[in-house]
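Visitor: Each chain, written out:
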Amino acid sequence: MANKNSVKDVVKESYKYGFVTDIETEKISKGLNEDIIRLISTKKGEPEYLLNFRLNAFKKWQQMKEPNWAELGYEEINYQDIIYYSAPKQKEKISSLDEVDPKLLETFDKLGIPLTEQKKLTNVAVDAVFDSVSIATTFREELAEHGVIFCSISEAVKNHSDLIEKYLGSVVPANDNYFAALNSAVFSDGSFVYIPKGVTCPMDLSSYFRINSGDSGQFERTLIIAEESSSVSYLEGCTAPMFDTNTLHAAVVELIALDDASIKYSTVQNWYAGNEEGLGGIFNFVTKRGKCLGNRSKISWSQVETGSAITWKYPSCLLLGEESIGEFYSVALTNNLQQADTGTKMIHIGPKTKSTIVSKGISAGNSKNSYRGLVKMGTKAIGAKNYSQCDSMLIGDQASANTLPYITSQQKNSEIEHEASTCRISEDQLFYLQSRGIEFEEAVSMMVSGFCRDVFNQLPMEFAAEADKLLALKLEGSVG
Amino acid sequence: MQIKMTKSNPILEVNNIFASTDDMPILKGVSITVFPGEIHAIMGRNGCGKSTLSKIIAGHPSYNINEGEINFLGKNVNSLAPEERAQSGIFLGFQYPIEIPGVSNLEFLRVSTNARRKFLKKEELDTFDFEDLVKEKLELVKMDSAFLSRSVNQGFSGGEKKRNEILQMALLEPKIAILDETDSGLDIDALRIVASGIKKIANNKTGIILITHYQRLLDEIEPDYVHVMSDGQIIKTGGSDLALELEKNGYEWTDNFVKEK
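Chains A and B supply the protein sequences, listed in that same order. For the first sequence, this note's numbering gives the first residue as 1067, with consecutive numbering after it. For the second sequence, this note's numbering gives the first residue as 7, with consecutive numbering after it.
Don't read these hints as lab results, they were simulated from the structure. The reader is advised that the hints may include incorrect statements.
[What the hints assert, rightly or not] Computed Cβ-Cβ distance ranges for the label pairs, DEER-style:
hint: 1; chain 1: B; residue 1: Glu130; chain 2: A; residue 2: Ala1531; range: 16 to 22 Å
hint: 2; chain 1: A; residue 1: Gly1264; chain 2: B; residue 2: Leu126; range: 30 to 36 Å
hint: 3; chain 1: A; residue 1: Ala1531; chain 2: B; residue 2: Asp135; range: 18 to 24 Å
hint: 4; chain 1: B; residue 1: Lys141; chain 2: A; residue 2: Trp1135; range: 51 to 57 Å
hint: 5; chain 1: A; residue 1: Tyr1472; chain 2: B; residue 2: Tyr102; range: 38 to 44 Å
hint: 6; chain 1: B; residue 1: Lys141; chain 2: A; residue 2: Glu1207; range: 48 to 54 Å
hint: 7; chain 1: A; residue 1: Tyr1472; chain 2: B; residue 2: Asp29; range: 46 to 52 Å
hint: 8; chain 1: B; residue 1: Glu130; chain 2: A; residue 2: Glu1141; range: 31 to 37 Å
hint: 9; chain 1: B; residue 1: Asp237; chain 2: A; residue 2: Trp1135; range: 58 to 64 Å
hint: 10; chain 1: B; residue 1: Ser85; chain 2: A; residue 2: Lys1535; range: 28 to 34 Å
[To be verified] Chain B is nowhere near these chain A residues, computed Cβ spacing over 10 Å in every case:
hint: 11; residue: Gly1139
hint: 12; residue: Asp1270
hint: 13; residue: Asn1432
hint: 14; residue: Glu1483
hint: 15; residue: Cys1518
hint: 16; residue: Glu1532
[Claimed, not checked] Away from chain A, derived, C-beta distances all over 10 Å, residues of chain B:
hint: 17; residue: Asp28
hint: 18; residue: Asn209
hint: 19; residue: Asp230
Each residue gets a CB set at the ideal place from its N, CA and C atoms; glycine is no exception.
Just need the whole structure built from these sequences, with the hints factored in.
Guide: Spelled out as structure tokens, the structure:
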């Protein structure tokens, strides 16, 4: 009757990043074997230690099995049907942005990430990654004045090989898990950040990952090193075109924080999620881990996961240094037939280490949203503390939510606190807001952002506004 | 019985409404007409259909109107969404105001006030201008501005929730306000504050319907008309003295009216 809307209509999603850039690309043939790995390494002109790192990872990967413990169901991935290297064709060496194909610049412009000198974002340095390669990094000179290195990982291999050799794979070993091993064998590009001792990075750094081609996987690799008493805030965004087929994305991110250093890593993940029937979308299998190596170091993950057909992702902290701090703030929204199995691992090794977990899962449509988290107190974690809060919100009556906490403690003198809740947006709440003149869609999105408030407060300001808008957009649909 | 001379058009006309929820009939032919400046009271036992009537006027989706019509300012609103009714000036004060975790009261009040202002073609208010307005209205219900930064109704006491409802009424400046048991759960001081707030907001252009069980609210706000409801119908209408008689004789007394009917 009077209320023509239903929650179902409102959660219909629209995706405005689904376009494809028509650009000539250089692709290698499909499939995965040693020759392909050698080819990737040669194309990137890599030193031998890196080729060995890849080959070693590939051997391990061949002996491993794809994990099946997650609350996810999907058709088997044919790893021989994927292209492992795809790059837009452009001049060998690009010295300035003027030489970047205008089509690429236009693509990032359309995504809201202008790169050119006149238009670039004023307070954020951006590394733009298109399929397998980084095409541009802004503000490099300004950052260099502070000793900050911000470039693509391929470039870091060439110019900062000592740091790569020392730290690559030191947080996520090549054989850590199936997808990390695959990434270690074939990773193409990604970002590299180095903050020297005592430096507070003068601006936020950000990487924007764009998958363009439908048949290539994206395997980016990010490495961030914060030396003693330094700090950095890093943002990551991702989108992809709409294809009917699934595209594999298996990334590895490694963070290292030394004494008194702090790294804040924020993600807004909006890969294409597939259509309403669940056709297409990105398979997002990501390993993200930070090592609080030094005393009083701090690593904080915040993520807003709204895209991908499948999300398998557990940004984690290894808390080694005394009094080091790990944080995980997450919003995961699933709709239609999306599936997410995401959470974190807080491994307390050092004494007086602290961790905080705040996870907000929102499931709409027929989607499945699971929080999976591990809190572990090691034998030396005297006086360590953890606080976890996992809340789920269900929209409609077809969606499901799970909370799967794993807690182990080998240290009596440590505290673990876990709270969990599940709620549903009730008709009464909606009616209350509507009876105050607030439109149905706005009422839903107000309640959803209210639910996510604790996490949004942790995001850098411009990201928080974007995340709020993104959730509203995801929940937007045909009304009436 | 007191008769007011009114030349203007009615604000609200409820014409012979039959309504049900889950196929269970609740309202069985209710009519009520409210002219500008009038205060009506609807009384009756629990379950007689008082609250349903208020929800139906506000457009609650769980009820179906099977027959009859609701006209607001001369226009049939049967098929309007609740937000459209609210924007055009229908206000329902909830018996049990709903908690909305995470949504700040200030933001909620601002969005809702702006929705009404937009309808009235008035300029929408930014956060700063709105804060000035809301602080002025807080005075009416003697609320502390600390309420603004809390989540909507969350952790509010019964009295605070009701005051928050009247605050919303003050901000939205409705043409008609239906206040569903606004007096329940209030101590005598809170009742006086709420009643004085309502009186200050009411004027000769607005209509008010008070739904209540008790005389005590009507001691504070004298109604022009009192309607007694029973089993989904209005069985008797009178002046403010009718409420006093009810108070004296109890609802059993009204059972005779049903028989008369």
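Visitor: Could you run down the list of hints and mark each one as holding or not?
Guide: To see whether the hints hold, each was checked on the structure:
| no. | hint | result |
| --- | --- | --- |
| 1 | B:Glu130 x A:Ala1531: 16 to 22 Å | holds, 19 Å |
| 2 | A:Gly1264 x B:Leu126: 30 to 36 Å | violated, 58 Å |
| 3 | A:Ala1531 x B:Asp135: 18 to 24 Å | holds, 21 Å |
| 4 | B:Lys141 x A:Trp1135: 51 to 57 Å | holds, 55 Å |
| 5 | A:Tyr1472 x B:Tyr102: 38 to 44 Å | holds, 40 Å |
| 6 | B:Lys141 x A:Glu1207: 48 to 54 Å | holds, 50 Å |
| 7 | A:Tyr1472 x B:Asp29: 46 to 52 Å | holds, 48 Å |
| 8 | B:Glu130 x A:Glu1141: 31 to 37 Å | violated, 50 Å |
| 9 | B:Asp237 x A:Trp1135: 58 to 64 Å | holds, 59 Å |
| 10 | B:Ser85 x A:Lys1535: 28 to 34 Å | holds, 32 Å |
| 11 | Gly1139 | holds, 32 Å |
| 12 | Asp1270 | holds, 25 Å |
| 13 | Asn1432 | holds, 23 Å |
| 14 | Glu1483 | holds, 20 Å |
| 15 | Cys1518 | violated, 8 Å |
| 16 | Glu1532 | holds, 18 Å |
| 17 | Asp28 | holds, 13 Å |
| 18 | Asn209 | holds, 20 Å |
| 19 | Asp230 | holds, 25 Å |
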